[in-house]
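Participant: Please build the complete structure, drawing on both the sequences and the hints.
Its first residue numbered 0, the sequence shown is counted upward by one per residue in numbering that gives the first Met the number 0.
Derived by calculation from the structure, the hints in this document are not laboratory data. Idealized CB from N, CA, C, for every residue including glycine. It cannot be assumed that every hint is accurate.
Pair ranges (Cβ atoms, derived) [claimed, not checked]:
hint, residue 1, residue 2, range
1, 889, 466, 33 to 39 Å
2, 656, 730, 42 to 48 Å
3, 730, 588, 40 to 46 Å
4, 520, 460, 33 to 39 Å
5, 1065, 585, 36 to 42 Å
6, 520, 597, 43 to 49 Å
7, 1094, 595, 28 to 34 Å
8, 400, 1090, 22 to 28 Å
9, 461, 945, 45 to 51 Å
10, 745, 497, 43 to 49 Å
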Amino acid sequence: MSVNQQAHTGPPYGQPQPGYQGYPQPAYGGQSLPGVPPSQYGAYNGPMPGYQQPGPPQGYFPSLGFPSKGSPVSLNSDTSSLAPNFIGPLRAPPTSGAPPPASGASHPSGHLAYSQYEHGDVQNGIPASAAPMQRPPASQPFLPGSAPTPVSQTSTFQQYGSPPASVQQLSNHMAGMTIGSAAASAPPPAGLGYGPPTSVPPVSGSFSATGSGLYTPYSASQGPPPTSVSQGLPLAQPPFPGQTISTQRLPTQVPGFAPPPPSTGVGPSSYPPTTGAPRPPTMPGPPLPGQTVAGPPTSQPNHVSSPPPPSAMSGLHPGPPMSGLHGPPPPTHPPQPGYQMQQNGSFGQVRGPQPNYGGAYPGTPNYGSPPGPPPKRLDPDSIPSPIQVIEDDRSNRGSEPFVTGVRGQVPPLVTTNFLVKDQGNASPRYIRCTSYNIPCTSDMAKQSQVPLAAVIKPLAALPPEETLPYLVDHGESGPVRCNRCKAYMCPFMQFIEGGRRFQCCFCSCVTEVPPHYFQHLDHTGKRVDFYDRPELSLGSYEFLATVDYCKNNKFPSPPAFIFMIDVSYNAVKSGLVRLICEELKSLLDYLPREGNMEESAIRVGFVTYNKVLHFYNVKSSLAQPQMMVVSDVADMFVPLLDGFLVNVNESRTVITSLLDQIPEMFADTRETETVFAPVIQAGLEALKAAECAGKLFIFHTSLPIAEAPGKLKNRDDKKLVNTDKEKTLFQPQTSFYNNLAKDCVAQGCCVDLFLFPNQYLDVATLGVVTYQTGGSIYKYAYFQLETDQDRFLNDLRRDVQKEVGFDAVMRVRTSTGIRATDFFGAFYMSNTTDVEMAGLDCDKTITVEFKHDDKLSEDSGALLQCALLYTSCAGQRRLRIHNLSLNCCTQLADLYRNCETDTLINYLAKYAYRGVLSSPVKTVRDALINQCAQILACYRKNCASPSSAGQLILPECMKLLPVYLNCVLKSDVLQPGPEVTTDDRAYIRQLVTSMDVAETNVFFYPRLLPLTKADVDSDSLPAAIRNSEERLSKGDIYLLENGLNIFVWVGVSVQQGLIQNLFGVSSFSQISSALSTLPVLENPFSKKVRSIVDMLQGQRSRYMKLMIVKQEDKLEMLFRHFLVEDKSLSGGASYVDFLCHMHKEIRQLLS
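Facilitator: Here it is in structure tokens:
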């Protein structure tokens, strides 16, 4: 029976699944859940009510990924599989006496490639060689004109066994890796696939791949050896003897086995060494360490030549057997030396029994049919694992400092801790690019479809061991610049004529060197003061700006902070007003100040409001503060000038008195309505009158429905989701706020907004001014003092204290050949080149896309210079300059070898999140999938070695593109579940738009840590595990963080002692899900877990809301939403399914 025949019906991909209406989800702001019915679903991941469909039709394999139009997709539809020249696994077993393979060493596909072992207690698949694996040559210094030498890589590849002699043997040895049914005649049993039939919806009509599949071929010898994910169709012959390639996983939960000892980190394994492995065939061209991601982990060492297990039994399921089988299935052959028999599940994490586990949805019950062999599916351990990539990069690149002297170096990943030494290019903390080697021509860029973009964080905070940019003062003449393009002096400028003139590296214009700046050149043409001048030797530095760079040609005054507090009924009743006033008393001592200043130069003012505004005179000479009320909100003015903005220390007693009185004054208010736009107008007018820039901190609780400018109506409408009008939910409902934002930017008035909604608030409209002025939004839905106070106060403290520049203008210059064409982030643009921000803080990024306007040359490369003009918090006008040089290439392989997937995803998410403002969400999703399919198809066509179309081949540095892209597609903005509110979506959309690469990385693929594996005696974190439910064991406690939330998930079978140590209660049932902090208990485990939580909080720009999730509790639905490798309740695909779908899209483009 052919796998590709059977059609089946089901909701189209991307439609929400039925059911789950009863589980409202606390939104990102973390609402409590009044009146939620207790969970109906039974034991861990058992059959779900509402999901019990009859077994799948004959010939339909639920385990397959996305069905093609009417038929399941095999990742490998050809029987002749892997081409002989494939680079094998990332980590090889240690060889004894084996010669290192040549640079293109082949590894037979059956050998496990990708996730050699998960980071937990158990090694997975093929263990590490003692030699640390290098990152691709992408990260090697790339000297102009020389090809990257793969020498340092070769020794780390080691062969596992002789390569198969022919395609026929390859076909044979692929036989153990089918995704189809094991024996063609046996019908698949119901309920053991990757979820019930309807949870694998057909793609038909959902994804249109647009764009031509025609690519001009480039030399195939160029490509880095790719990651290949391949499977064969079931064949009659057994796998080739001597190459055991079984997809079997070890049985789950064998009674009586003790769990293997926990080990943190990854070390060499106890695998027996290979002896005398032959040298594999070589591949031409400088390859990258790639690997074939073949079938699931081999269940015995590849060099053991015992007979393979019968193919009918390969592919055992990760969970326990179906109802009808008692106890674990017996292993199909005894465990081989070198692997411990494990207590649970594959070679992955320890996990407890999971009835009928099959993906994110539980499987259907068996209905009494006799258990046949379980159908196979693509083993999650055999596809690229984000955890493995992150760990490899940490171990290879975390120990050495990243020296920025060489052009076009790819930096370590954002998840790696590394030190930066600035030697002429800006640190990756300031700028990251999607590719560090960009195509020389626009045709080549169009062909690859890889977007060329930089994510720039101009005021990024640096770790204490790195030096802040030096401040250069050139006196009244100001910074030296190019006469034509006005680029600032930088390390790439070329001095000529003995140092009397310099040639601009951006536009090639020659400019006279001012007499005061003249210096002689040495024998290499460098100035002799090269190392004394930051602007000649460093990638990032600051200039003191002259008066010419200031508004109205006069130096700015120090900025002001105005605190504007909603005192309507909701705000007072919830205790919020009192909390804010108490906090401000102490917080005002921590206003930002320049390095060695005694006190902050920032002045402060106070306003309270409901339907009217109350201004306070807190002049130091007053005995008591004075209140002035402005009730004419239609024509806003500031009723006092002197005494509104004051120095904190001078007016301290008056300010303290005011903050004591405000909660009392409004304690009995009955006013429920609020205004909003007049509040911003009042702050703006106050800054105008004081002739300074500044920031408004607005604390607001409800939709502004009172009669006033900017009045809003409730337009929330869930029925618009998945229609062409959905985009209106993300657009502001009136243009009033856009005009107000423009006025604020002109004055340098930045707005930070703290929202405390109990219902729809219209974040899409209220956030407009914040967004366009460069401010931040914080949202605390259903704010409750006892659970949300910590989070709000921590956010407020950080927001008030962090480094911020005012009245900022940023321009990005590029060398001839490319130019900045598009910008993403929280800012305003009045022309096509200048990014204007009333305020820019150390957390905000601006993403810039570049396009070709001419040819580039490989010799000269490409240059970027980001110049930011801003006023410091002391009122000093400064220019911060960041420079970056990139390589240029004429071969596509060089482009694909130097990409940075995390940055690419950051750009794609922002591009998509802007797209929802103007296009239906479905169009945006399809465009994302199509662009990524084109990127990967172009690689496959032009860079990968020829091989069967049935293989999915991914570039080494883009092998995580599918998993991360799927996370973006499943995010609440692009595919919301029924419980996600319109405000949540607008909030997330705005947050992500100014996130840096590290933040989007953890936001889309959260970090999941097994707390029970933490070593209480060390400072290190436990090794992370993959985001899938099948990685969880009911006997363990896990922590998941995504930058906004922290979940502590507690399994039902956790030892009582651990529960006592962490929660201070004696049993699972006594743990309270309402906790928002962990109790402080004096024992090593409690201290360790709390220190982990504190450490994670310290790494993020917002204080994360902590939630305790008990297994089988109603909150578990929310927690599962973040297990992004599984299917989502809103219809999002699992990683395995999406990989199959991407493969199908790529094949369509190639055919």
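Participant: So, for every hint listed, does it hold in this structure?
Facilitator: Consistency of the hints with the structure:
A C-beta distance of roughly 37 Å is found between residue 889 and residue 466, which places it inside the suggested range of 33 to 39 Å. Range check, residue 656 to residue 730: Cβ separation about 44 Å, and the 42 to 48 Å hint holds. About 41 Å separates the C-beta atoms of residue 730 and residue 588, a value consistent with the hinted range of 40 to 46 Å. Checked against the hint of 33 to 39 Å, the C-beta distance between residue 520 and residue 460 comes to roughly 37 Å, which is consistent with it.
As the Cβ distance of residue 1065 to residue 585 is approximately 39 Å, the hint placing it in 36 to 42 Å holds. In this structure the supplied range 43 to 49 Å holds for residue 520 paired with residue 597, their Cβ-Cβ distance being about 44 Å. A beta carbon spacing of about 30 Å between residue 1094 and residue 595 agrees with the range 28 to 34 Å that was offered as a hint. For the pair residue 400 and residue 1090, the supplied restraint of 22 to 28 Å holds, since their beta-carbon distance comes to about 27 Å.
In this structure the supplied range 45 to 51 Å holds for residue 461 paired with residue 945, their Cβ-Cβ distance being about 47 Å. With their beta carbons about 46 Å apart, residue 745 and residue 497 fall inside the hinted range of 43 to 49 Å.
The earlier numbered hints are all upheld by this structure, with none contradicted.
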